[in-house]
Amino acid sequence: GDSVTQMEGPVTLSEEAFLTINCTYTATGYPSLFWYVQYPGEGLQLLLKATKADDKGSNKGFEATYRKETTSFHLEKGSVQVSDSAVYFCALPNSGGYQKVTFGTGTKLQVIP
Amino acid sequence: DAGVIQSPRHEVTEMGQEVTLRCKPISGHNSLFWYRQTMMRGLELLIYFNNNVPIDDSGMPEDRFSAKMPNASFSTLKIQPSEPRDSAVYFCASTTTGGHSPLHFGNGTRLTVT
Numbered sequence: 001g002d003s004v005t006q007m008e009g010p011v012t013l014s015e016e017a018f019l020t021i022n023c024t025y026t027a028t029g030y031p032s033l034f035w036y037v038q039y040p041g042e043g044l045q046l047l048l049k050a051t052k053a054d055d056k057g058s059n060k061g062f063e064a065t066y067r068k069e070t071t072s073f074h075l076e077k078g079s080v081q082v083s084d085s086a087v088y089f090c091a092l093p094n095s096g097g098y099q100k101v102t103f104g105t106g107t108k109l110q111v112i113p
Numbered sequence: 001d002a003g004v005i006q007s008p009r010h011e012v013t014e015m016g017q018e019v020t021l022r023c024k025p026i027s028g029h030n031s032l033f034w035y036r037q038t039m040m041r042g043l044e045l046l047i048y049f050n051n052n053v054p055i056d057d058s059g060m061p062e063d064r065f066s067a068k069m070p071n072a073s074f075s076t077l078k079i080q081p082s083e084p085r086d087s088a089v090y091f092c093a094s095t096t097t098g099g100h101s102p103l104h105f106g107n108g109t110r111l112t113v114t
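Note that the protein sequences, when read in sequence, are chains W and F.
Under my numbering, the first residue of the first sequence is numbered 1, with each subsequent residue one higher.
Under my numbering, the first residue of the second sequence is numbered 1, with each subsequent residue one higher.
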């Protein structure tokens with residue numbers, strides 16, 4: 001079945017450091033891929049998405065490229081800020097439809113000044 | 001757009017009591033999902049509806065849990081009787097089927113059962 005594996009956290013970085021959060025997936029066909037972010041006390045919200053192979057999703061300085069050959073969708077940001085401290089979830093919609101989504105376990109990021 | 005609205009934001013109750021969580025999805029969305037989030041188990045899908053019809057409730061942990069969607073703008077998740085292990089944050093999310101539509105989450109209900 002469809003699955004998502006993302007790196008364990010927590011990740012602690014200093015402000016302005018480079019961020020990579022790894023995500024790999026197993027899926028039938030070529031689904032869209034998503035990154036969601038959850039700030040403290042809030043629900044998950046879409047950060048970025050890519051709908052086909054080699055697409056790059058980007059938002060708020062974050063980027064992720066849909067790599068079919070490595071079945072990966074790693075999240076990157078060149079210079080993190082304290083305000084980026086949150087939990088990040090990689091996700092893909094299941095092939096069965098109805099927009100049922102498989103989420104990774106989440107990676108907590110803490111950025112220190 | 002008001003987003004997905006959940007109520008209450010916080011609920012504290014005693015073991016054995018009935019708990020009802022409420023959700024108003026985004027207008028025009030035809031799929032609705034209930035999730036539970038805990039430190040131990042992460043984010044779990046409990047049940048989802050399409051056009052007000054329950055499609056898959058295999059994630060509902062026990063018969064103590066039930067969910068309804070009487071119309072396109074309202075859903076409830078009920079726990080009766082509640083137990084301390086039900087303590088978690090419960091999220092409702094909605095979306096439109098087809099295409100590449102993401103889920104839109106509410107801010108959750110933090111349930112504490114003592």
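No lab work stands behind these hints, which were simulated from the structure alone.
Take these hints with a grain of salt, some might be off.
Unchecked claim - Part of the chain W face toward chain F, derived, beta carbon under 7 Å:
#	residue
1	Y39
2	G43
3	L44
4	L46
5	T51
What the hints assert, rightly or not - Below, a sample of chain W positions facing chain F; criterion: calculated Cβ distance under 7 Å:
#	residue
6	D2
7	F34
8	F103
9	T105
We treat Cβ as the ideally placed atom computed from N, Cα and C, and that holds for glycine.
Verification of the supplied hints:
no.: 1; hint: Y39; in the structure: violated (10 Å)
no.: 2; hint: G43; in the structure: holds (3 Å)
no.: 3; hint: L44; in the structure: holds (5 Å)
no.: 4; hint: L46; in the structure: holds (4 Å)
no.: 5; hint: T51; in the structure: holds (5 Å)
no.: 6; hint: D2; in the structure: violated (13 Å)
no.: 7; hint: F34; in the structure: holds (6 Å)
no.: 8; hint: F103; in the structure: holds (5 Å)
no.: 9; hint: T105; in the structure: holds (5 Å)
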